[in-house]
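Listed in order, the protein sequences are those of chains A and B. In this text, residue positions in the first sequence follow our numbering: the first is 8, and each later residue adds one. In this text, residue positions in the second sequence follow our numbering: the first is 831, and each later residue adds one.
Keep in mind that the hints were calculated from the coordinates and are not lab data. Take the hints with a grain of salt, since some may be wrong.
Pairs of lysine to any residue, SDA-like flavour, derived with a Cα cap of 20 Å [claimed, not checked]:
id : chain 1 : residue 1 : chain 2 : residue 2
1  : A       : Lys-273   : B       : Asn-878
2  : A       : Lys-273   : B       : Ser-874
3  : A       : Lys-276   : B       : Val-986
4  : A       : Lys-165   : B       : Gly-1086
5  : A       : Lys-276   : B       : His-1046
6  : A       : Lys-276   : A       : Gly-47
7  : A       : Lys-273   : A       : Leu-300
8  : B       : Lys-1241  : A       : Lys-165
9  : A       : Lys-165   : B       : Asn-1088
10 : A       : Lys-276   : B       : Ala-1220
11 : A       : Lys-276   : B       : Glu-1047
12 : A       : Lys-273   : B       : His-1219
13 : A       : Lys-276   : B       : Gln-1077
14 : A       : Lys-165   : B       : Gly-1087
15 : A       : Lys-165   : B       : Arg-1110
16 : A       : Lys-165   : B       : Ser-1105
17 : A       : Lys-273   : B       : Glu-1047
18 : A       : Lys-273   : B       : Gln-1077
19 : A       : Lys-276   : B       : Gly-1086
20 : B       : Lys-1137  : B       : Pro-1295
21 : B       : Lys-1241  : A       : Gly-39
22 : A       : Lys-276   : A       : Gly-260
23 : A       : Lys-165   : B       : Gln-1077
24 : B       : Lys-1345  : A       : Leu-166
25 : A       : Lys-273   : B       : Asn-1214
26 : A       : Lys-276   : B       : Asp-968
27 : B       : Lys-1180  : B       : Gly-1087
Cβ-Cβ distance ranges computed for the label pairs, FRET-style [to be verified]:
id : chain 1 : residue 1 : chain 2 : residue 2 : range
28 : B       : Gly-1235  : A       : Trp-168   : 43 to 51 Å
29 : A       : Leu-122   : B       : Gln-1114  : 52 to 60 Å
30 : A       : Gly-54    : B       : Asp-1173  : 53 to 61 Å
31 : A       : Tyr-160   : B       : Gln-1114  : 22 to 30 Å
32 : B       : Asp-978   : A       : Leu-28    : 32 to 40 Å
33 : A       : Ala-203   : B       : Glu-1347  : 57 to 65 Å
34 : B       : Glu-1254  : A       : Pro-93    : 27 to 35 Å
35 : B       : Lys-1345  : A       : Tyr-160   : 36 to 44 Å
36 : A       : Tyr-160   : B       : Gly-1133  : 50 to 58 Å
37 : A       : Gly-54    : B       : Glu-1191  : 28 to 36 Å
Chain B is nowhere near these chain A residues, computed Cβ spacing over 12 Å in every case [unchecked claim]:
id : residue
38 : Val-192
39 : Asp-212
40 : Phe-213
Think of the CB as a built atom: it goes at the ideal place given N, C-alpha and C, for glycine as much as any other residue.
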Amino acid sequence: MIWYTGKRLLQMIPVFFGATLLIYFMVFSLPGDPIAALYGDRPPAPGVIEQIRAQYNLDKPFIVQYLIYIGNFFQGDLGTTYSGRPVGDVMAQAFPITARLALLALAIEAFFGILVGLVAGLRKGKLFDTSALVVSLLLISVPTFVIGFVLQYVFAVKLGWARTTVSSEAPFSELLLPALVLASVSFAYIVRLTRASVSDNLNADFVRTATAKGLSRRRVVGVHVLRNSLVPVVTFLGVDLGSLMVGAIVTEGIFNINGVGGTIYKAIKLGEGPTVVSFIAVMVVIFVLANLLVDLLYAALDPRIRYAK
Amino acid sequence: MKIRRLGIPAIALAAAGALVLSGCASGDTPAEGDKASIITTNGSEPQNPIIPTNTTETGGGKIATSIFAGLVSYTATGETENEVAKSIESDDAQNWTVTLNEGWEFTNGEAVTADSFVDAWTYGAMFSNAQGASYFFDDIAGFNGEADAELTGLKVVDDTTFTVELASPEADWPLRLGYTAFMPLPSAAYDDMEAFGENPIGNGPYMLDGEGAWEHEVGIDLVTNPDYDGVRKPANGGLTIVFYASQDAAYADVQGGNLDVLDAVPDAAFESYESDFPDRFINQPAAIFQGFNMPYYLEHWSGEEGKLRRAAISMSIDRKEITDVIFQGTRTPATDFTSPVIDGYSDSLKGAEVLEYNPEEAKAKWAEAEAIAPYTGTFDLSYNSDGGHAAWVDAVTNSIKNTLGIEAIGKPYPTFAAALEDRESDALTGGTRAGWQGDYPSLYNFLAPLYQTGAGSNYEDYASPEFDALLKEGASASSVEDATAKYQEAQELLLVDLPTIPLWYSNVTGVWSDKVENVVYGWDSVPLYTDITKGE
């Protein structure tokens, strides 16, 4: 187990270098001069742009820019944005708020998704099951921004139950509405995953054995069916955590949350290499760790899975 | 709604402690009522620290004009009023004497003197300081855009007087002095300009609400400057500017009661804002000109043939229909090259009929051009697809296609930077979207930077000695009226040559909540915040 974990953590090193190099190159290859574009239709006096390009090392070849970035990275300096803010500050501002939003959404979708999926799986073909399927189909097919605007309009503007946008302190009470929006689509997938997997397992040999042993229905469902049905759901949740962290651009925009997705989007549009790469580097680490956690959870959930040296 | 920094309970605690300590003795801590009269409005994260000479975009501009007071300020209609200046005079429009009112102070107690202006302008113009607005000083004697040089045209006479020598006469020079680039700076700024820009000290109607009042990407808290005694005395307790990444969120916040004043209604609400906010909306032309340029380096688009084709294209666009249908009346069809809010604007220039929809005449002109050289290929109009331009570009190209019977399509570039690169390197294959927002309310500002031979934003290589001459005559005219006549004459040349095909003026569209009153939008589309009242 420890060996396995260590090996997986060591794999992060090549992944880190590969991802940063590739992404730095992609930002570098974006067409146009990012500094000239900052000034829009009114170019500054000649010489101003060259001086600023030199200040951000944009006048140097790609590999030199990358090496300067990596060199500074290991000294704890992540570079600055084109507005002169340290990228470290930008990250310290964006990540906590996005992490809270993502974890809240993850908790909502996991709890309600598994609960509804379990009940639907146990009562296959009944009214509850059919309604759950219809609702989840609806949530999957309606785009997130529609759900976002509708919830915002109904609950915040019309009913006044929530604040329309999230303030800078971003307490959990204000994040609840955006988290619901963010959780909606994944909730639908989890319901369907859990339902399918529960109904499969209900007919499995080990469930029949457990029932034949005279175990109570509660114990059969709670320990034997549910636990084994969670393997695909946990896989999904692990991947989903990553996409919740970066993929919340739409929801962040609707609720004016200054999070990771919006920051990366803005940085890509501006061609800010150091910002994009620093954020993505952290995302890579989060993805790798989430995947590792999922793999370790397999072993806990399914006794047939063991990690050897 | 008050905005505070994320991880700053320590400072808040310290501040609270300080309040408790000083609470008994001092009577000048703001009362609860003052907090309630703080106006909240939308904005965007400034591109740079708030240094006036490096603030060239609207996000930072809105803050800079609130916390600084220049020689003059602008009224709602774009007229100048003396603010710090007592008088700005010249006999020959080239040598100007500026006299300041006495008694002005920065919020750190330093007096506003002639040096405050001269040093700030010198800093802004200095080549190695790489300030974005340095070109605003390029007509002052001694300016050098390629190496460090002193602005020899600026001379301090005494504490309240300085003189300015321009490189050539300019009758409307004082018009620009309300622009952010011309604000004064306290001497404390020069120790560390970047740090100053994070917590700027000004002399304007508002000031920052303490250190760290600017929370990056979130907003900025401004309170009234108690020592301010100029023409923009605030009628409210302060101004909180909340930064939004999307205007939709800002609009929802006005609806939900979290925001008082919004100065940009999102496209999605164009149909509903008038009914959502009856009696509390505005839709009026702004100082923003929109059109598209046809490069002179393209075959078919220069010389006599080019003039005919440009006129034909212009007359084949149904501007009225497009502004009504695509923009729901939030654009005003163009009748000149400036904007209706600018003094000297005209809707009856000679030759302005070329901007009216006239399919027969368009076809006739196109046919005339065909006789000179037949047109082949597709007409394309390029735009940056990250700016929401696709809808009107398609409408314009369809209008051209239907009238002239040629293939016309929109050509999207992924970003503004990508489009700019092709414009700069003369690599366009057709027309290109072009827009201009006035820096200060003057005809000259809409003409010289865009169409003068070799001017900074004249990417499509328009060159007309007659136009340049008229512009120069206008600039050196002894009165603003004479200057206006010359600039209108110059525009009549543009109507013949059509280096850009004028389309429309953007309107300022805004809404406000029922908690505020007296909301008036200025010539530059920004509400006159100091006049707004908020009360129970």
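Verification of the supplied hints:
1. A:Lys-273 x B:Asn-878: Judged against 20 Å, a Cα distance of about 15 Å means the pair holds.
2. A:Lys-273 x B:Ser-874: At roughly 13 Å apart (the allowed maximum being 20 Å), Ser-874 (chain B) and Lys-273 (chain A) satisfy the hint.
3. A:Lys-276 x B:Val-986: violated, 45 Å
4. A:Lys-165 x B:Gly-1086: Given that 20 Å is the threshold and the Cα spacing comes to 8 Å, the pair holds.
5. A:Lys-276 x B:His-1046: holds, 19 Å
6. A:Lys-276 x A:Gly-47: holds, 13 Å
7. A:Lys-273 x A:Leu-300: violated, 31 Å
8. B:Lys-1241 x A:Lys-165: violated, 41 Å
9. A:Lys-165 x B:Asn-1088: holds, 13 Å
10. A:Lys-276 x B:Ala-1220: holds, 18 Å
11. A:Lys-276 x B:Glu-1047: Roughly 16 Å between the alpha carbons, so the hint for Lys-276 (chain A) and Glu-1047 (chain B) holds.
12. A:Lys-273 x B:His-1219: Satisfied, since the Cα-Cα distance of roughly 18 Å is no more than 20 Å.
13. A:Lys-276 x B:Gln-1077: Measuring from Cα to Cα gives roughly 18 Å; hence the hint holds.
14. A:Lys-165 x B:Gly-1087: Holds: Lys-165 (chain A) and Gly-1087 (chain B) sit about 11 Å apart, inside 20 Å.
15. A:Lys-165 x B:Arg-1110: holds, 18 Å
16. A:Lys-165 x B:Ser-1105: Holds - the C-alpha atoms of Ser-1105 (chain B) and Lys-165 (chain A) are around 15 Å apart, at most 20 Å.
17. A:Lys-273 x B:Glu-1047: Measuring from Cα to Cα gives roughly 11 Å; hence the hint holds.
18. A:Lys-273 x B:Gln-1077: holds, 15 Å
19. A:Lys-276 x B:Gly-1086: violated, 30 Å
20. B:Lys-1137 x B:Pro-1295: holds, 16 Å
21. B:Lys-1241 x A:Gly-39: holds, 16 Å
22. A:Lys-276 x A:Gly-260: holds, 15 Å
23. A:Lys-165 x B:Gln-1077: Given pair Lys-165 (chain A), Gln-1077 (chain B) holds - Cα atoms ~19 Å apart, limit 20 Å.
24. B:Lys-1345 x A:Leu-166: Satisfied, since the Cα-Cα distance of roughly 19 Å is no more than 20 Å.
25. A:Lys-273 x B:Asn-1214: holds, 15 Å
26. A:Lys-276 x B:Asp-968: violated, 31 Å
27. B:Lys-1180 x B:Gly-1087: Roughly 49 Å separates the two Cα atoms, so the pair is violated.
28. B:Gly-1235 x A:Trp-168: 43 to 51 Å: At roughly 57 Å between Cβ atoms, Trp-168 (chain A) and Gly-1235 (chain B) fall outside 43 to 51 Å, so the hint is violated.
29. A:Leu-122 x B:Gln-1114: 52 to 60 Å: holds, 55 Å
30. A:Gly-54 x B:Asp-1173: 53 to 61 Å: violated, 33 Å
31. A:Tyr-160 x B:Gln-1114: 22 to 30 Å: At 28 Å between Cβs, range holds.
32. B:Asp-978 x A:Leu-28: 32 to 40 Å: holds, 39 Å
33. A:Ala-203 x B:Glu-1347: 57 to 65 Å: holds, 60 Å
34. B:Glu-1254 x A:Pro-93: 27 to 35 Å: holds, 31 Å
35. B:Lys-1345 x A:Tyr-160: 36 to 44 Å: violated, 20 Å
36. A:Tyr-160 x B:Gly-1133: 50 to 58 Å: holds, 56 Å
37. A:Gly-54 x B:Glu-1191: 28 to 36 Å: The hinted range 28 to 36 Å is violated for Gly-54 (chain A) and Glu-1191 (chain B), with Cβ atoms some 46 Å apart.
38. Val-192: Fine: 20 Å to the nearest Cβ keeps Val-192 (chain A) off the interface.
39. Asp-212: Asp-212 (chain A) is indeed farther than 12 Å from all Cβ atoms of chain B, at 54 Å.
40. Phe-213: Phe-213 (chain A) clear of chain B: closest Cβ-Cβ about 50 Å, beyond 12 Å.
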